[in-house]
Amino acid sequence: MNTVEPITHDLALRRPLALGGPVAYWLVGTTSEQRYDVADRPMQGEMDPFFFLTKHKNFIPHEYPCRTEFAAERRGKRPTPQGAFEPDRVWLPFGSPRVDLSGFWFRPTVVATWASTALDAVSDGRARLRLRTCGGAVLFVNGIEAGWMAPYGRNLEASQDFEVDLVAGANEISIWFDDLAERDARYFFQLDYLRGPAAEQVLPTTVKGDVAAAMEAALDAMHFEHPFYSGGEVALVTDVALPVAMDVAIVIEGDFMSIEPPVIFRRRVEAGARRITIAATEDLPADFRHFAVSLSSSGFVARRVFGVEICHATRQGRAPAILADRIGEALEEVSNFAEADTVRALARLATGRGGPETDAIIAAALPAIEDCHDCADFILVPLLWCRRAYGNSIAVDLRHRIDEAILNYRYWMDEPGNDVQWYFSENHALLFHTAAYLGGHLLPDGRFVRSGRTGAEQSTVGLARVRAWLDHFEAWEM
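This note's numbering applies: residue 1 is where the sequence shown begins, and numbers increase by one.
Because the hints were derived from the structure by calculation, they are not lab data. A virtual CB, placed ideally from N, CA and C, is assigned to each residue, including glycine. Hints are supplied without guarantee of correctness; some may be wrong.
[Said to hold, decoys possible] Label pairs and their computed distance ranges (CB to CB):
#1 E225 to G355: 13 to 23 Å
#2 P16 to S425: 35 to 45 Å
#3 I327 to E46: 28 to 38 Å
#4 I327 to A241: 23 to 33 Å
#5 G317 to D220: 16 to 26 Å
#6 P227 to E332: 24 to 34 Å
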């Protein structure tokens, strides 16, 4: 592990550190990811529409077999840091007390990250630090291990205090943290400075500290010109002028399920600028979009993510007065402009657009179903309709692959598997049961691998579960 280099006063972003406050400025390394598969097995349980009504915020009271095995391997045992710290990006807090890398992983995945910063203490002294995380973490101060924690509770925050010795001047603080990510994962750490000698946070930079501070301030005050866009030019504005000319990169992405490649714009913005032009609305993909804005000067990159709704209402014009025309227009819009998923494939088939392009959309969606990714149920049900209603418009080889995917899919938790599909919420439960009903009906003589049932039997079970779901919804949700 690298030790802290002497910090040149001009090449650092300095921030006060209050007793009891968080250490919020960090250099963060890349996050390593390693798939974590266990043996296939069934699970016990039922749909749980009230799982979120738990004592602990964000705690999920359902445990997948992968978490059971992972916890048996690692809970309460010292984590083993991997590799050495290599900075990949700057973490600026923008009001957050923690380094939060939370996200969504469709298969069980072990994630691990290094982070490092420095504290400039006015004197030698003993300090108490409080570390919070859900997974495991090892804390180092000036290259010496100060302690570790390994609760490894899924999305359940834990904390532990550590007594450390600081020296007058720069002190390197490094943390290695890891966890098992199962679909939505709270992957973060927070380090609070409970007591100790007076100190300030010091983030090494490659630009003068006042420039780095102005870049942070510009991003902190930045916002879109409009709350949503249905036409016109999309731009970001800020109350804090950029202190020097700099490069700007804007990476535009959808939500965690988006399969579209990011749209990237690069700009050179002059000193004093308060507005960053991005693009015309019609040149951006529709839907709620995340805009990751990076300001870069002399190797220092400050980044913040913004979000806004993009819709193409101006291009689409007024909706037709007749229902059939509105349906036709919707199918045309989805066929030509939606993300390239099975919903778009279904619209294309319904409008006579079968062929290589539509087959390619379906083929690109199949790996997620074949591998039982979480949220594969969202794309499986439209695929079943594609296969059922328009099978003759799909290439023969692809049609056979679809059938194999249907037969090998995991339709409910009582079937063996090692995935982290979310069986417990009402929307997913209905999709699973609908898929079992439709898939079994489509292939009545096929053998569904995980349940061992024939298609006819699988369809019967799926239908019974759909009816039970509707009874539940009528009794409790309407």
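Comparing the hints with the structure gives:
1. Distance hint check for E225 and G355: the Cβ-Cβ separation is about 41 Å, which falls outside the suggested range of 13 to 23 Å.
2. The supplied range of 35 to 45 Å is met by P16 and S425, whose beta-carbon atoms lie about 43 Å from each other.
3. Taking the beta carbon of each, I327 and E46 are about 37 Å apart, inside 28 to 38 Å as hinted.
4. Taking the beta carbon of each, I327 and A241 are about 50 Å apart, not inside 23 to 33 Å as hinted.
5. Between G317 and D220 the beta carbons are some 39 Å apart, a value that contradicts the proposed interval 16 to 26 Å.
6. Checked against the hint of 24 to 34 Å, the C-beta distance between P227 and E332 comes to roughly 28 Å, which is consistent with it.
Of the numbered hints given earlier, the model fails hints 1, 4 and 5; all others are met.
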